[in-house]
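Just so we're aligned, residue 48 is where the sequence shown starts under this note's numbering, counting upward by one.
Watch out, some of these pointers could steer you wrong.
[What the hints assert, rightly or not] Cβ pair distances, simulated, as ranges:
| hint | residue 1 | residue 2 | range |
| --- | --- | --- | --- |
| 1 | E60 | G96 | 21 to 29 Å |
| 2 | A151 | E60 | 13 to 21 Å |
| 3 | D50 | R138 | 33 to 41 Å |
| 4 | V130 | A69 | 20 to 28 Å |
| 5 | R107 | Q149 | 18 to 26 Å |
| 6 | A116 | V84 | 39 to 47 Å |
| 7 | G57 | G96 | 26 to 34 Å |
| 8 | D90 | V153 | 15 to 23 Å |
| 9 | L117 | G96 | 20 to 28 Å |
| 10 | V84 | A141 | 38 to 46 Å |
| 11 | G65 | V153 | 19 to 27 Å |
| 12 | V153 | A99 | 12 to 20 Å |
[Said to hold, decoys possible] No more than 16 Å apart at the CA atoms, straight line, and that leaves these computed lysine to aspartate or glutamate pairs for EDC-like:
| hint | residue 1 | residue 2 |
| --- | --- | --- |
| 13 | K95 | E79 |
| 14 | K95 | D111 |
| 15 | K95 | D127 |
Honestly, the hints are just simulated from the structure, not real lab data.
Note that beta-carbon positions come from the ideal geometry of N, C-alpha and C, so glycine has one too.
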Amino acid sequence: MSDIVAIVRGVYEAFDRGDVAAVLGAFDERIEWLEAVGFLYADGNPYKGPQAVAEGVFQRILADVENVALSRRHLIGGQDAVVVEGRYTGRMRATGTPLDAQFAHVWRLRNGRVVAFQQYTDTHQWSVAAGVSALGA
48 MSDIVAIVRG VYEAFDRGDV AAVLGAFDER IEWLEAVGFL YADGNPYKGP
98 QAVAEGVFQR ILADVENVAL SRRHLIGGQD AVVVEGRYTG RMRATGTPLD
148 AQFAHVWRLR NGRVVAFQQY TDTHQWSVAA GVSALGA
């Protein structure tokens with residue numbers, strides 16, 4: 048159990064350093080990645096494969112959010128899954144509006160590789176910060 052928590056912790060630490068290659072390196076080639084329903088970047092759900100995640104999620108968020116950070120409060124490990132509670136912070140480039148939104152991430156691992164990811168977040172906070180209607184997101 049602690050091994051999978053360490054792997055997921057390492058993914059966040061790599062993201063904190065801006066090391067997207069290391070983040071993607073932890074993913075299985077067939078990873079299935081789901082963003083929260085109603086989220087600004089959920090239009091590609093499910094993202095399949097590391098490249099789809101990089102292009103459809105990471106590149107877009109990094110382009111849209113200045114100083115994006117993912118603070119982790121709890122990492123809870125199970126047999127093949129890790130749940131992470133935390134907050135996204137940053138500033139939307141298009142509006143200059145600060146972002147502060149809760150998240151929960153569910154990571155599923157097999158043989159030390161991330162095979163699935165599900166994001167839950169406060170989509171309303173993201174939409175407000177981006178200057179779009181939550182109903183239209």
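query: Using the C-beta atoms of E60 and G96, is the stated range 21 to 29 Å upheld?
result: holds (23 Å)
field: 12 to 20 Å as the expected CB spacing between A99 and V153, which holds or is violated
entry: holds (18 Å)
message: Check the hint pairing K95 with E79 against an upper bound of 16 Å on the C-alpha distance.
response: holds (5 Å)
message: Holds or violated: the 26 to 34 Å window for the beta-carbon distance between G57 and G96?
response: violated (20 Å)
- prompt: For the pair L117 and G96, does the Cβ-Cβ distance stay inside 20 to 28 Å?
  reply: Hint holds: Cβ distance 22 Å, inside 20 to 28 Å.
query: Do the beta carbons of A151 and E60 sit within 13 to 21 Å of each other?
result: holds (19 Å)
query: Range hint 33 to 41 Å: satisfied by the CB atoms of D50 and R138?
result: At 36 Å between Cβs, range holds.
Pair hint outcome, K95 versus D111 [Cα-Cα no greater than 16 Å]: It is violated: about 22 Å lies between the C-alpha atoms, which goes past 16 Å.
- request: Using the Cβ atoms, figure out if V84 sits within 38 to 46 Å of A141.
  value: violated (22 Å)
message: Can you confirm whether the C-alpha distance between K95 and D127 stays at or below 16 Å?
response: Answer violated: K95 to D127 is near 20 Å, above 16 Å.
Consistency of beta-carbon spacing, V153 to D90, with hint 15 to 23 Å: holds (20 Å)
Verdict for G65, V153 (Cβ pair) under range 19 to 27 Å: Once the Cβ atoms are compared, 24 Å apart, the range 19 to 27 Å for V153 and G65 holds.
Checked against the numbered hints given earlier, this structure breaks hints 6, 7, 10, 14, 15; the rest are met.
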